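Q: Here is how the chains run, residue by residue.
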Amino acid sequence: MLENIPLNDILKILLVLVLVTSSLVLWQRSLTSLFKTYALQSLLVALVAMVFFINDGHLTLLFIALLTLFGKVFLIPRILNRILLQMNIRRDLEFRFLYPVSSLIVSILLIFGVYQVFSNLMGEVMPDRLFFLGAVIGVSMALMGMMVIFSRKKMLTKIVGYLSMENGAILFGLFVAELPFILEILVLIDLVILVLLVTVLAFGIDSTIEDFHPRFTPLGEWFKKK
Amino acid sequence: MENLILAAYILPSVLLGGILLGMRLFRGSMSPGILAGFSLGHGLWHLGLSLWVLLVLPLPHYFMESRYLFVDQLGIFQVLIASVVFILAALYSRGYVSHLLSNKELDIENLPVFYIGFNLLLSVITFAFFSNNLALFWLFLELSTLFSALLIATLNARDNLVAALKYIFIASTAMIFAFIGLIILFSLTRQAGSPGTLNWDELASLAPLLSPSVLGLSALLILTGLLAKSGLVPLHNWLPAAYAKAPSVVTALMSATVLNIGIVGILRLSALLRQSQIGETFSNVLVGFGILSIGVAAFSMLSRRNLKKLVGFSSIEHMGIMLLAIGIGTPLAVFWMLFHTLAHSLVKSGLFFSAGIIRRQYGSDRFDRIFDIFRLQPVAAWGVIMGSAAIVGLPMFPVFLSELNILIQLGGVSVWLVLMVLFFLLLVASSFAIFLLKAFTRSEKNTDRPVFRTPLSMKLPIYIIMAGVVFLGVCQPQMLADFLNQIVKGLGF
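Here the protein sequences line up with chains Z and Y, keeping their order.
Residue numbers for the first sequence follow the working numbering, so the first one is 385 and each next one is one higher.
Residue numbers for the second sequence follow the working numbering, so the first one is 184 and each next one is one higher.
I should point out that these hints are in silico values taken from the structure, not numbers from a laboratory.
Every value quoted in this text rests on a predicted model; they were computed, and no experiment measured them.
Mixed in with the good hints, there may be bad ones.
Unchecked claim - Below, computed lysine to any residue pairings styled on SDA-like, alpha-carbon distance capped at 20 Å:
1) K349/Y <-> F534/Z
2) K672/Y <-> L284/Y
3) K537/Z <-> D342/Y
Said to hold, decoys possible - Non-contacting residues of chain Y with respect to chain Z, defined by C-beta distances greater than 10 Å in every case (computed):
4) I193
5) S214
6) W235
7) P243
8) A318
9) L333
10) G376
11) V397
12) Q460
13) L584
14) L608
15) T624
16) R636
Idealized CB from N, CA, C, for every residue including glycine.
All chains should be built: construct the whole structure from the sequences, respecting the hints.
A: Written as structure tokens, this is what we have:
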């Protein structure tokens, strides 16, 4: 529980902003804007971790904030942008099952659904309202990210959906219980590796047929004799 | 000493990675034969080490102060299965990968990536089975997805990329929910007065003190991830595509070992929840998903034209049978479930090795492309026939024993469920019979079709598996039965 009232208010503002970025991820068509939105969302998650660090002083929280900042605000969006530069696509216009308006309506329903389930089940575990709200928003973000994966066509958009899901899980962890330091770090590193691989593979899928080349894999390129 | 054991397990993969990176710097290269030989050596080293651990270390044995890693009977049993399948796969890869290269299906530049991924997959599988901590287990499960997907994607085909990405997205999306479940479980243990733990052994003692409803939510979320990793319905969609597109040697390894990680996770979770108030409800959920998986797989197999897809759906069916046995939860059901993992791993790898030879011969896995198989590829033909007979559970094969005993145990739950499962198993057997009749009875007038000269390295694993499967079917060593009984007892069933 946060004793400090201004920190409490800052957390509330950050949570609202995180939710806004999640809904932006759902319907943005321009891929560069999508990556920027993701970087902003990650920055907000890093700030939430920083607020907790200022309040608790646990070094794990500081490391989560710094890793999120370095990995997800700078590194991953940069990699995604570099891949995008090599492709002949700029926008992802295709939607499946859910279109922007309907996906927003479903998201709102999801948030209410998660709130209801958590009110019944998690109330006893989390008596603090703000922490409860943080947990609800974390899980809702994960579900909204999943909606992006299922409703968008381009792999790069799906990757941002997955990353958004993962931000939701991290946010949930910050509000419910942070895992021991070594596990948190390993999990974050694993996710970065996973995203790197998926991004590399996505290059072969999202690029146009003319661009698709058997030696698409930068990993393989690396081993190629010069 | 303790850390040396763990280091010894990871050493060959690190060594290979180091050598290949070093060679890259000095512009050198390694032939596929040497890489396959190295992998074979890795497998033998791994098997020897695992046998040493089994015979010398008192089990369960915990590593490090945090007890994040441990070796128990269940873990070492699965690691031994993985070692044997890996050795056979490494042997098989010698001829198989060379043909992929000569056929331009695999680029020579991707060869080091393939073998690094192949060897690292064994290390990751091993550490997943050795994880006492659920978060660490989660991490190794994720890494197993990563390396499997990398191996699927090394072939030069767009379809392989699609299959690899589908696998990653379905498995990893489900695993995010499992991660949320882990955090809930961790916070629950804090509420129960502990400083917070995700270690299996500590969770077992805390389980009766945890709030049943929140524990149920956490268990369902964790189960979501594990269902996806085991290829169980409703999160099975990735499996047929990934199996059909992956190189056969990778499919064999995935089917025989990677799927087992998920099912072992479910077994441990079920053993844990039996200590709590929601144990019975959770068991019913497992029985439900088990029967659903068997049913969906059985109906999906009816119209299959592709051999690897057919065998892939059969994996979903068998994972369903294992889940059903865990759900039944009697000591005998769990005993035969463990026996089933061994039998399934062996038979399935043999089937995929045979399918790999067929693919090399005909350039396809579809039944309508297969002609004169007994003349062109007799070993593969008999491998598929025997594998199919074994996998559908004909008498004299080990799957028959495990399926029969699991069904007898299911009879204690409901006779109707037994009849339903029997009907599904009949559909599965019919699907295999129809496929074999269609594919293996065709001949063509044009007899000058080029023959793929199957190297001994690709035939030998099939012979070894055939011998092993027949042996397990007709005589079950007492030593194995005692060992499985120890596992069942250790889990608390």
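Q: The structure should be examined with respect to each hint, and the outcome stated for every one.
A: Hint check results:
{"no.": "1", "hint": "K349/Y <-> F534/Z", "verdict": "holds, 11 Å"}
{"no.": "2", "hint": "K672/Y <-> L284/Y", "verdict": "violated, 48 Å"}
{"no.": "3", "hint": "K537/Z <-> D342/Y", "verdict": "holds, 16 Å"}
{"no.": "4", "hint": "I193", "verdict": "holds, 15 Å"}
{"no.": "5", "hint": "S214", "verdict": "holds, 14 Å"}
{"no.": "6", "hint": "W235", "verdict": "holds, 28 Å"}
{"no.": "7", "hint": "P243", "verdict": "holds, 21 Å"}
{"no.": "8", "hint": "A318", "verdict": "violated, 4 Å"}
{"no.": "9", "hint": "L333", "verdict": "violated, 6 Å"}
{"no.": "10", "hint": "G376", "verdict": "holds, 14 Å"}
{"no.": "11", "hint": "V397", "verdict": "violated, 6 Å"}
{"no.": "12", "hint": "Q460", "verdict": "holds, 15 Å"}
{"no.": "13", "hint": "L584", "verdict": "holds, 39 Å"}
{"no.": "14", "hint": "L608", "verdict": "holds, 33 Å"}
{"no.": "15", "hint": "T624", "verdict": "holds, 37 Å"}
{"no.": "16", "hint": "R636", "verdict": "holds, 26 Å"}
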